[in-house]
Amino acid sequence: MQQLVLSMQGDRAVVLKQGVLDVRVELANTASIFRDEGPQASVTMKFETMRSGLFFRYGATERWELSMEVPMLYRYRGFMDGPIKAVERTTTGLSPARNALGNSAYAFNISRGGQTVASGREGAVGLGDSTVISKYQVLTETASLPAVSIRTALKLPTGDEE
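Under this note's numbering, the residues of the sequence shown are numbered 19 to 180, in order.
Possibly wrong hints are sitting among the right ones.
Listed next, with one range per pair, are the computed distances between beta-carbon atoms [stated by the list, open to error]: (1) V88 with G37: 16 to 26 Å; (2) E140 with A118: 15 to 25 Å; (3) R30 with L172: 13 to 23 Å; (4) S152 with L112: 36 to 46 Å; (5) T108 with P57: 32 to 42 Å; (6) V32 with D54: 37 to 47 Å; (7) E55 with V166: 45 to 55 Å; (8) A59 with L84: 34 to 44 Å; (9) D40 with D178: 20 to 30 Å; (10) T108 with L172: 36 to 46 Å; (11) S152 with F52: 26 to 36 Å; (12) E140 with S113: 15 to 25 Å; (13) V143 with K103: 22 to 32 Å.
Hints listed in this document are in silico derivations from the structure and should not be mistaken for laboratory results. C-beta atoms are modelled at their ideal positions from N, C-alpha and C, and glycine is treated no differently.
All chains should be built: construct the whole structure from the sequences, respecting the hints.
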């Protein structure tokens, strides 16, 4: 399954100083749940994804910064189901998908016409799609105006199939 994220992360407008290299690691855990059955296709998903990203940022010039993200993904049954159920019960009630998949600890299956199109095993680890980002600082910050930058990104299909 391709988990597509279209929006770029928030970032500061100021670029790194020329020649400076910044390396960092970020970690995020997300819960995914979805269930839909139609006459021709069915989708059942209930899992959590631990995403760790290795980020490189480099100040190419005084106004231009290049960066790259290399993510690793780990899909598993997770730990957030209990707290999510508690919040849903307290607020709007259990979501239909969570209610239907309540006893399932892990599920990932997509089928069409009775044939499995995609499935994934618990504990799958793999490389995600890398992103290359370019940021150009148009205006520097002054006492009365904030810094302004323009960013663009290119997602590269480097991810594992599973």
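What are the numbers of the hints the structure violates, in ascending order? none
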